[in-house]
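Colleague: Residue strings, one per chain:
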Amino acid sequence: MKPMPRGAFAAFLLVLVVLHFVFRVGLGLQQLAPDLLLVAVLIAARELRAGWAAGLGLLLGLLEGSVVPIFFGAAAFVLSVLGFLGARSREIFHGESAVFLVFYLFLGKWLYDAMMYGVIGIIGRTGPASALFLISPLAAAYAAAAGLVAVTAYRALV
Amino acid sequence: MLNLPDAYRDGLARAIRGTILLPVLAMQQATADREGRFADPARLRAERDSLAVYLVGQSNLAAENLRLRALLGLRERVPYSFVPAEVKRLGGIDQRGAFFLTAGRRQGVQPGYAIIAAGGLVGQVSDSDAGMSNGIDWTHTNFRASAMTTDGESYGIVEPRTTRSGEQVLALTGTAAHTELRPGTLIVTSGQGGVFPRGIPIGRVLQSEKDEQATDWRRSYLLRPLVSPTAMDYVLVLGPLAPGRSEADLASAWGIRAEEPKTAPDTGRFAAQVPQQALPARRPTAAPSAPALPQVQLPAQSRVPVQTQVPTTPTPRRATPAPATTTPAAVRPRPRGPRLLGTPVQQTPRDTTPRT
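Line by line, the protein sequences give chains A and B.
For the first sequence, our numbering begins at 152 and goes up steadily by one.
For the second sequence, our numbering begins at 57 and goes up steadily by one.
Okay, chain A solo, but in the shape it has when bound:
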């Protein structure tokens, strides 16, 4: 991606985060709304250094975990790792095409679900692993599509 103006980029991320909580918590849409929090972390990770991206993931993960604090910290941990990996991915993958963005967001969301499943399994939560192969890909495609729309709108405006 080409460098974006810092102020506008921060506002863009803030809008994504606010929309995430408004849709999922405020309006009660649950999984009918895309995971814009993860989209924000993944998009930010392509622009920030690895440490800052991990820190942003930690911060947003704490927000996410505070909503249902049974496994408080799991989302913070996973988003930190994904932020770090997303920032590091610039060294391997270059490009700002729509196809790459969709693939990047899809993979990131699926990895998020897989890592959450693993982390929560470690601390005692069990559940059907089939969700990773049935529900998670759909959620990942949804998040990727939403991220593509958001980035396209942002580029059109800025």
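Hints listed in this document are in silico derivations from the structure and should not be mistaken for laboratory results.
All residues carry an ideal CB built from backbone N, CA and C; glycine is no exception.
A portion of the hints provided could be inaccurate.
If you only want the chain B side, here are some residues facing chain A, beta carbon under 7 Å, derived [what the hints assert, rightly or not]:
id, residue
1, ILE72
2, ARG73
3, VAL80
4, GLN84
5, THR87
6, LYS144
7, LEU146
8, ALA154
Here are the computed distance ranges between Cβ atoms for each label pair [claimed, not checked]:
id, chain 1, residue 1, chain 2, residue 2, range
9, B, ALA71, A, ARG239, 31 to 37 Å
10, A, THR303, B, GLY74, 34 to 40 Å
11, B, TYR211, A, GLY202, 49 to 55 Å
12, B, ASP62, A, GLY206, 24 to 30 Å
13, B, SER137, A, PHE284, 43 to 49 Å
14, A, GLY206, B, ARG93, 39 to 45 Å
Chain B is nowhere near these chain A residues, computed Cβ spacing over 12 Å in every case [to be verified]:
id, residue
15, GLU198
16, LEU199
17, LEU236
Assemble chain B onto chain A, guided by the hints.
Modeller: Frame of chain A, contents of chain B only:
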């Protein structure tokens, strides 16, 4: 972060919810109120009819209970206080079994309170804020409940299970090996541990479970829960007992009947060794209850004499306190006359610690 003590973790989460996420949570409450206003009238009518049937059955039992209490000269038992609430879920792979409740500390909801629905036990309040609460239902891995059969012969711990087909069920673990439960046996909360009140229906036995850790002295069973996760939209949060009142048995609220315990008195034999002919006859029902409600048997739990309940007319206090009785409850003389429905078993001293 994952290994933070509960106190710090809950405090941090509560602080975030009370500051940064406060507008979003306020919006959620407003959304819940708006959804309630525009709810499907047909669905509301169906819920109203179900509750009417439930209340009719309960009123018969309550009237019968009052009559028996009047015969015994006992005061009316004050039921548990309760708070109605709606369940709001977030979804997500990390939030299965956890939900919001649209009632919080302002309405009297505290962590640890039991959550019930018309079918039976739903779960437990895990945390509460001013206007909302967090709870877990029986599908959550942290869910545990002390349970028993309605005849009081088998006790165990209920915990969630996921079958190979992905179906969410419950398992009754740690039951004694010398009793075998038949499919369809109703399992209710036992009240032990003080987490859940006694007598809340949980589920029915499906089949025996192959427990890898099973030994020759215990069995495990899979249960079909009585409350489906899809039927947890409107729930009741059970509050504490009124001060000075004894632990109430909630079985009668679900139409579960009481009977004499299936143990041979004064024989020193285990319940499982008692022949069926020795079991006491079922208690005749005084009033017909709603046919849709389950009519199963509960033990009368009459090892504690009814005189331990609060009498109607207060007796004058002595100048010096009476010495503690040296007669164990199990050998105290039994009262004559009919027994109470749903009186809890109090073979051990009452736990006076507050329910948290």
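Colleague: Confirm or reject each hint.
Modeller: Hint check results:
| no. | hint | verdict |
| --- | --- | --- |
| 1 | ILE72 | holds (4 Å) |
| 2 | ARG73 | holds (5 Å) |
| 3 | VAL80 | holds (4 Å) |
| 4 | GLN84 | holds (5 Å) |
| 5 | THR87 | holds (5 Å) |
| 6 | LYS144 | holds (6 Å) |
| 7 | LEU146 | holds (5 Å) |
| 8 | ALA154 | holds (5 Å) |
| 9 | B:ALA71 <-> A:ARG239: 31 to 37 Å | holds (32 Å) |
| 10 | A:THR303 <-> B:GLY74: 34 to 40 Å | holds (36 Å) |
| 11 | B:TYR211 <-> A:GLY202: 49 to 55 Å | holds (54 Å) |
| 12 | B:ASP62 <-> A:GLY206: 24 to 30 Å | holds (25 Å) |
| 13 | B:SER137 <-> A:PHE284: 43 to 49 Å | holds (46 Å) |
| 14 | A:GLY206 <-> B:ARG93: 39 to 45 Å | holds (42 Å) |
| 15 | GLU198 | holds (23 Å) |
| 16 | LEU199 | holds (21 Å) |
| 17 | LEU236 | holds (18 Å) |
Against the hints set out earlier in the document, no violation occurs for any number.
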